[in-house]
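Based on these hints, arrange chains B, C and D on the given structure of chain A.
Heads up: the sequence lines are chains A, B, C and D, in that order.
Note that this note's numbering has the first sequence beginning at 1, numbered continuously upward.
Note that this note's numbering has the second sequence beginning at 1, numbered continuously upward.
Note that this note's numbering has the third sequence beginning at 1, numbered continuously upward.
Note that this note's numbering has the fourth sequence beginning at 1, numbered continuously upward.
Simulated from the structure, these hints should not be mistaken for laboratory data.
Careful: at least some of the hints might be erroneous.
Unchecked claim - Using 20 Å as the maximum straight-line C-alpha spacing, the simulated EDC-like pairs for lysine to aspartate or glutamate come out as follows:
#: 1; chain 1: A; residue 1: K166; chain 2: A; residue 2: D116
#: 2; chain 1: D; residue 1: K8; chain 2: B; residue 2: D76
#: 3; chain 1: A; residue 1: K112; chain 2: A; residue 2: D76
#: 4; chain 1: D; residue 1: K81; chain 2: B; residue 2: D76
#: 5; chain 1: A; residue 1: K131; chain 2: A; residue 2: D58
#: 6; chain 1: D; residue 1: K232; chain 2: B; residue 2: D132
#: 7; chain 1: D; residue 1: K232; chain 2: B; residue 2: E171
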Amino acid sequence: MERQNQSRGDRILQAFESLQHIDRRVMYALLAIVVAFPLIRNFRQPLVVTWPVQGAYDTIEKMPADKLAIIDILWDSGTIAESRPQTEALIRHLMIRNKKFAIVAFMPQGNKLAYDSAKAIGKELGKVYGKDWIDWGYRPGGAMIQFMMGLGRDIPGTVKSDIEGKPVTSYPIMQGVKSIKNGDVGLIAEVTPSGTLDYWIAFVYGPYRTPIIYCPTAVMAPEGYNPLDAGQIKGMLTGMKGAAEYESLLGRKDFATRATSSLSTSHLLIIVLIIIGNIGYISSRRRRREG
Amino acid sequence: MHIVYAWLSEHARQFVSNPTEAFALWLAVGATLGIYSILYKENAVYRLVEHIYIGAAAGYYSYIGWAQTLKPLWWDRITSGEWPWIFALIGGSMFYFIYSQRHVWISRVIFGALLGLVSGAAFKGFAGLNVDRIEASFKPLWGVPWPNIVSNALAMLILLTVMIYFFFSFEHKTRLHRAPANLGRWFLMFAFGAMFGSTVMARMSLLIGRVWFLLHDWLGVAH
Amino acid sequence: MEHANIPIAVLEAVLVFLILYKIFSARRGRQLYIRRIPGLNAIDEAIGRATEMGRPIMFSPGIRPLDLPTLQALSILRHVTKIAAKYGTRVIVPTCDSVVYTIAEEISKDAYNSEGRPEQFNPDDIRYLSDDQFAYASGCVGILTREKVASSLMFGAFFAEALILAETGHNVGAMQVAGTPSTTQIPFFITSCDYTIIGDEFYAASAYLSREPTLLGSLVGQDYAKAVLIIVVLLGIVIASIPWLNHHYPSLLTLFSKT
Amino acid sequence: MFTQWLVKPGAPQYLWVLAVLGDFLILGGALFFLLRMVPSRFRKTLVAIVTFGAGLIYSVEFFVPVPAGKDGNFLTNFAQKTVTDVVLVLSTFALGLGIYSLLRFHGRNLTRMRPGWHNSLALYVAFFAMLLTGFWSMMSKAPAAANTFDVLFRGTVAAPGATMFSIIAFYIVSAAYRAFRIRSAEATLMLAAAFVVMLGSVPIGEYLTSGLPVTGFWSNFRMENVNLWILKEPNMAAWRGISFGVEIGALAMALRTWLSLERGSFFEREL
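If we strip away everything but chain A, and leave its shape as in the complex, we get (with noise of 0.2 Å):
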């Protein structure tokens, strides 16, 4: 009896053995479908809404009417996934407001993107390009010191014409805005996977105390906690899951608050592969040691 106990639990621990040895493909094929699975059928999961994106929320709602918004766009393809979900969020939350914006972009790829995004979603909130928003067009990324400085003093000749090479002060959202400096800026949002917030604070920031969004990407994120700590920027959106959480408080489920799913999800894969793992191991060591 006991011998057949023995045997039994030996038997167990032989089966958890093996689950130290998991195939990598399974792994692969287990992570491509938990992947998909949320991006397909959509499903609640909870989301705490951070701080720094409710701070950054706030200063839009905060923002008055008659100022204009600038959404700084920096990403191109390469970070798709996270940039263009959080500018969306933006824009949707502008347009909502009754907010005028204006999109300048320093990657020609991500002008395109953006200027897209931005005439879908004004499409289907009935609003018009020139009057509620307008795209200013792209600028190569070695003049964007000058050109933040030149915002500074002098919107319309340091923009001069927008993306359809129309001089920009024949637009009605252009009328009265003269410079960052007369106060005509209410907002500054930065879409971008890379390090270049420290321009805004500096140039912008500093001399005109405009606020600040930024819009990282998660392995950027890090970055921009200094100066967020330090009260430069009014609130920032980490990668895919910031863009989330600015969805929920707009009360969406677009792409990122799916996506955020799959990040849940592959997280808890790695998670649950990994005390499966050590499972196996402790059970292995147990059964060498007994043997």
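Structure of chains B, C and D alone, referenced to chain A:
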């Protein structure tokens, strides 16, 4: 069956209405699936996609090299009268002496110049990278709230033990020598774990982007 | 930091002096001790394994163009090809930069010449793959899987592609040794490789492998330089902890960054 | 010389090509002739002098103080604009070496019909397709040219690139599963840190501690704050400790290279 038929006819319609976009889509899908196939095992499709990718990247970089570097920075300058830029071509041609048995040393001259530039820039690089890090390590151990003191003391301990771990020229013979270095190694491992964990999200975001491309743009099952 | 201020100039001068001083004293014949670095001993083991199995080694010198980490990687490559040439083991070197490619080819040719087997050098083993980071990675994956590589050595500056190389190498059962100054990639090498050379052990490699006095001296000088940095940091902590000092002389804490 | 005296800006491109070629042959030939006269025992010295001289440009630029009211010292403009451009141009000229090697390798595969030669053929086709449509899109203003280039770029460079990048997600799973075992104290520490950080960076982790207050002492134990603290304090300190060593290693390496003290790699070969 019905779903597959509807999907196929949708794509067929796209090929008729916008052939360029449809072709681009299928090309990208082929490349994506071909690369992913390596996850199962090495196979002929992966091999083909790999070679096309390397070839196309070489072609792309050659074109970009001309269009974005040589033409604006070199050719346009010469043709606007800045003739000394001709020496850049002469310098560039010195690389090719690597293929000569007798005159291979001429390539050394240009390598030497490049290495000199790289090493001369190291002083600036060292300062640029380390000044902020050095000053960020000046964290007070007194005169701040106690949780900060604990945190700052820990940071100091970690920094010191990690640096001690990397001393090469003295033997870690006695326990007194070994203890800080071992502690440093433990802190290192903890930090590496944290780095690993914080990278996962970024990589998963990329994967989600690719999967979304397949599910949304191609299969049309996610909206 | 566009230009040096006086504190930076002084700091760098001290570091440079220490390193040069130790180099020249080592050249005059002072004996120097270097602690064991297990990962570097593993390089020889990896070459031995490939020789026993009669299969090639892959050596990736990182994806940077010719700069300091790559130069160090090429020093290690020289060591590896010399031993491998002696045993007649192939070393496949995929490169990510034209200039690095030419130097790697020269090093390899030299190694076979100095072992008296110039005919065994196969120019097809030194390959330029692509300047594109991931095209390079896909090519390395191809080499690892198709050439049945027995050992994979990765030395140099790596970025995201590090894990692609290391996991593929692991999946094909290669013995792997990696070393990189790119700190963010070390965790991935640790999880997938048999041995990982961490941090500035990477810059110690050429001294360790060649036992050349100049390099050993430099390594000892680097230790002194690190000690100087430790002292600077400790002084800074002391100053920061004395409220009176940093109240009246706040510039002491930003001595280096002040322009 | 020709480019200076015979061809003026605005002349037809083919004249410029001829003039540049002529200049290249004359000046380059003269330089080659001069270099050939250098006796072999002075060659190393010559290389050392060139290396040292090149190194002076950036180092002097860095250490010489900036005159008051100016943006830089006497070298700044030269070092940061001209030299940077020269290096870019030089390394682009060197790109040909790599492309030549790649095409030679696959050309041999093709001509000898080695197994897998059709892959080499595909590589050739992709190379020339990308190169030629690139130049086509540059020369021609027709939208078809730009479109073709764009489609090929997206399908054969951008898509496989993004996919190769994302494949890391799969590898990160298998690496974590295999490596994070409680084998030793070190491995366990690594596991623990990775575990907490992973949990703290997704909404589910944040949800676990969402009951804790947002401000005050207990807020420090909210998952996202624990996560941030780990990344900012212990992780940053260890990272700095490594990077100081690495940077000093690089500085020493630079010093040895600059002064031609370096040993090993290709420095010892007789010239």
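Tested hints:
1. Among the hinted pairs, A/K166 with A/D116 is consistent with the structure: their alpha-carbon atoms are about 18 Å apart, no more than 20 Å.
2. Distance restraint check for D/K8 and B/D76: the Cα-Cα separation of roughly 13 Å lies within the 20 Å cut-off, and the hinted pair is therefore satisfied.
3. Proximity of A/K112 to A/D76 is assessed by CA-CA distance (about 9 Å); at most 20 Å being required, the pair is judged to hold.
4. Between D/K81 and B/D76 the CA atoms are separated by roughly 16 Å; this keeps the pair inside 20 Å, and the hint holds.
5. Our distance criterion of 20 Å between C-alpha atoms is broken by A/K131 and A/D58, whose separation comes to about 24 Å.
6. At most 20 Å may separate the alpha-carbon atoms for a hinted pair to count; D/K232 and B/D132 meet this at roughly 15 Å.
7. Of the pairs offered as hints, the one joining D/K232 and B/E171 is violated, with about 32 Å between alpha carbons and a cut-off of 20 Å exceeded.
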